[in-house]
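K.L.:
Spelled out from the first residue to the last, the chains are:
2 protein chains.
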Amino acid sequence: MTPEEFRRHGHAVVDWVADYLDHVERYPVSSKVRPGDVRAQLPARPPSSPEPFEIVLADLDRIVVPALTHWQSPNFFAYFPANVSPPSILGELVSAGLGVNGMLWATSPACTELETHVLDWMVDLLGLPDRFSSASSGGGVIQDSASSATLCAILAARERASGGTTNRTGTTGRLVAYATAQAHSSVEKGLRIAGIGSDNLRLVDVDDSYAMDPAALARALECDVADGRVPFLVVATTGTTSSMALDPIPAIGAIARSHGLWLHVDAAMAGVAAIDPALRWLNVGLELADSYCTNPHKWLGVNFDCDTFFVADREALTGALSILPEYLRTAETGQAIDYRDWQVPLGRRFRALKLWFTLRCTGVADLQAMIRRHLALTEELTAWAREDGRFELLAPARLNLVVLALRAGDDATRELLARANATGRALFTHTVLGGRYGIRICIGGRTTERRHVQAAWSLLSELAG
Amino acid sequence: MTPEEFRRHGHAVVDWVADYLDHVERYPVSSKVRPGDVRAQLPARPPSSPEPFEIVLADLDRIVVPALTHWQSPNFFAYFPANVSPPSILGELVSAGLGVNGMLWATSPACTELETHVLDWMVDLLGLPDRFSSASSGGGVIQDSASSATLCAILAARERASGGTTNRTGTTGRLVAYATAQAHSSVEKGLRIAGIGSDNLRLVDVDDSYAMDPAALARALECDVADGRVPFLVVATTGTTSSMALDPIPAIGAIARSHGLWLHVDAAMAGVAAIDPALRWLNVGLELADSYCTNPHKWLGVNFDCDTFFVADREALTGALSILPEYLRTAETGQAIDYRDWQVPLGRRFRALKLWFTLRCTGVADLQAMIRRHLALTEELTAWAREDGRFELLAPARLNLVVLALRAGDDATRELLARANATGRALFTHTVLGGRYGIRICIGGRTTERRHVQAAWSLLSELAG
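Quick mapping for you: the protein sequence lines, in order, are chains U and Y.
With my numbering applied, the first sequence covers 1 to 465.
With my numbering applied, the second sequence covers 1 to 465.
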């Protein structure tokens, strides 16, 4: 592809993406393809000679688009939002075009410094404690996902608890971590990866709203200490996946402090909502946290991947993750941030660009307005559900998530979800709360308006029989 | 940003990227900025109202570009190539625009199936053993980096060696892994992350070409077994970072088999060269490997991140990494590939698009020709260096890497590297081999031609005094 062809095809792709986003509402939100259907349309081998770009673009329409779940549809209420704003798409395009690797400061200073800078902006925008700003002893870094952020927190906590010996000699087998059964699966996965094991994750009891019971945490800790175990980490969640439960950070933080535990707060979806000053209460207690993460790639218009991960003590993180072979040594080693030491992989893309573009080209006020709109829509939906005697809420509706069930029972709810999704007019997912099957309705699409939420409710309401 | 503005600004960004790539040769390859220089130009806070896109684009030129290392410059000979082809940039753009998350088959079937399909294409294109194809019991997956691929191999090997108990109970402290001191730092980092520890990595002796000595591996194994340790993994490298050394896979594989070790082959940069049938010898012995990785994002024109990771037994991998909370259960769970079980993070971008675009729009023949061109240029450079009595090669020149030193000694070589890089006319990096400081010259730029290599050699030759 010549430079001139790149310009021409590039304009065509921009228009293709613009058309896709303009029309995404028309598509069934989920696809009806069956496993193997896509592959059956693809040739067994790639071509020896270049194919015309137009054919590739046509294949996107013919093969790929019909086999997508349309996460950008305003009728997407499943899992979590992944709302992609136009500026973020352009930021990703610039990043791909520059093709720089930000593993070290020296391998592209702007890549590192812009990242540090926009992460400091996020501390300010979300009202996070100063200890997470790079002007303190802490700082922020972009991870691909909250899963990776949680793993990094586990590794930093593990290293601190072992006095810096685990990286040399391996885990001791005595470390114990704490979270609730409502915490994200990445907590358990991270403990497995770190060689600590699922058996050493204590599932702390929750209260009626599925939030961690601090008294239960204290009891579990005392029990383990009495058994000669080494508690090292508690993961609290601000907005659980199943029900948006909010673990009480101040009480958990106080217990963590008194036992010398690392406190990681996972606010993957909900945390960015604090960009609205009215929601700053989401951050209460964060000054007690050693690490924190939230995902602009979920609810703040930045395309995946952009998890913002903050630590209060950057040396605890780099102490766990740094490794310096001769071929990575530069004149600035130790004088500037080398983000390779803040993450699992070595290489890294220029991901700060898409966050920078989004914040500058959208503006803070519009992002705040979007969050407020989603919250208002969720309140409205909650009211409709409450007024309908056939439905009940399985958990308190919080922020942008409602979990509904039919009073007629799990089978009826399961069937309602399947029938609603089969229409393609909306997409919801499910969870199980307190043994009950529930439909999760998560409102966070960039283009989701009142009429979409109304239509989604009408769909459920009509099919509920 | 309205849809119409997105089209307009999108065209402008495509042109901006095209201009950048057209002009990248003109820039000093590395920047002269000092730590803090970039941040000093950025405002302390993001704007409340949207800024005009033109200002953001101007800031790219004003603040970002002058503070980049230009990895796409034809005069970039540092670290490893990161050659980005125009089609791959457009693939990344489509991926950002679609904004789908491929964590499960059900969350976008095309995302998963296209990935499986192009990974099977790679098995065919590179002449890899059938056991890595999805038609066998194995298969491929795109990881962000070879570091992550190595970590996944470590975890799968760890789990197999422990009979599937480590994920539950943690590591035993008796596991031992093997690699040479020339293996990538991610091997040691991965062992640290996995809770095994650096002390349990045996650095096996190398021969004169810095390749693993299989007899030394056998001796180390016997020693550890006699000590009651549990050898579980050997990582062999096809093309080490420092000198492109090639560990002898057949002999290592035979030893690994006889001891029941997992063999992971890290061919991050060199492996893709096997797309040229004349270089298929790079794959000798791979039929003995349990896992293998190579990076189209290094030398095959795909923008970072695109590491292709293959396993012979996909159940060993998913057995180590799978975790299934209720909210991720779908009708197709267990019936189709859910790639979240093949990697550390949960979420994933639609990365197969950029590999698909690159293979289709470039064509296999052109990719083969590019590899052959780089090899020929490296041979030529090697000949020039051999003819110049002031220089010596610190290791056999292999594929696209030459490591040079001045006979005048390390200080002279170090000074030469610093002076050459300071001109901005080329960028090289360094390593230490056998206690000697050497200049690494790695030739793999998509637009690097004979004149660039000639100029690089002239630069070194003139400054060598």
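The hints are simulated quantities; they were obtained by calculation from the structure and are not laboratory data.
Be aware that a few hints might be false.
Same chains, same label: a pair holds when it works inside one copy or across any pair of copies.
Said to hold, decoys possible - For lysine to aspartate or glutamate, the following DMTMM-like pairs were computed, each having C-alpha atoms within a straight-line distance of at most 25 Å:
#, residue 1, residue 2
1, K32, E315
2, K32, D411
3, K32, E415
4, K32, E332
5, K32, E326
K.L.:
A separate judgement is required for each hint: does it hold in the structure or not?
P.N.:
Hints, one by one, checked against the model:
1. Taking the shortest alpha-carbon separations for K32 and E315, neither the intra-copy value of 49 Å nor the inter-copy value of 27 Å comes in at or below 25 Å.
2. For the identical chains of this complex, K32 and D411 are intra-copy neighbours only, at 22 Å inside a copy versus 66 Å across copies, given an alpha-carbon limit of 25 Å.
3. In this assembly of identical chains, the alpha carbons of K32 and E415 lie at most 25 Å apart only when taken from the same copy (17 Å versus 63 Å across copies).
4. Taking the closest pair of Cα atoms, K32 and E332 come within 25 Å of each other only across two copies (12 Å); inside a single copy the shortest separation is 53 Å, beyond that limit.
5. Taking CA atoms no more than 25 Å apart as the test, K32 paired with E326 passes between copies only; the shortest distance there is 22 Å, against 52 Å inside one copy.
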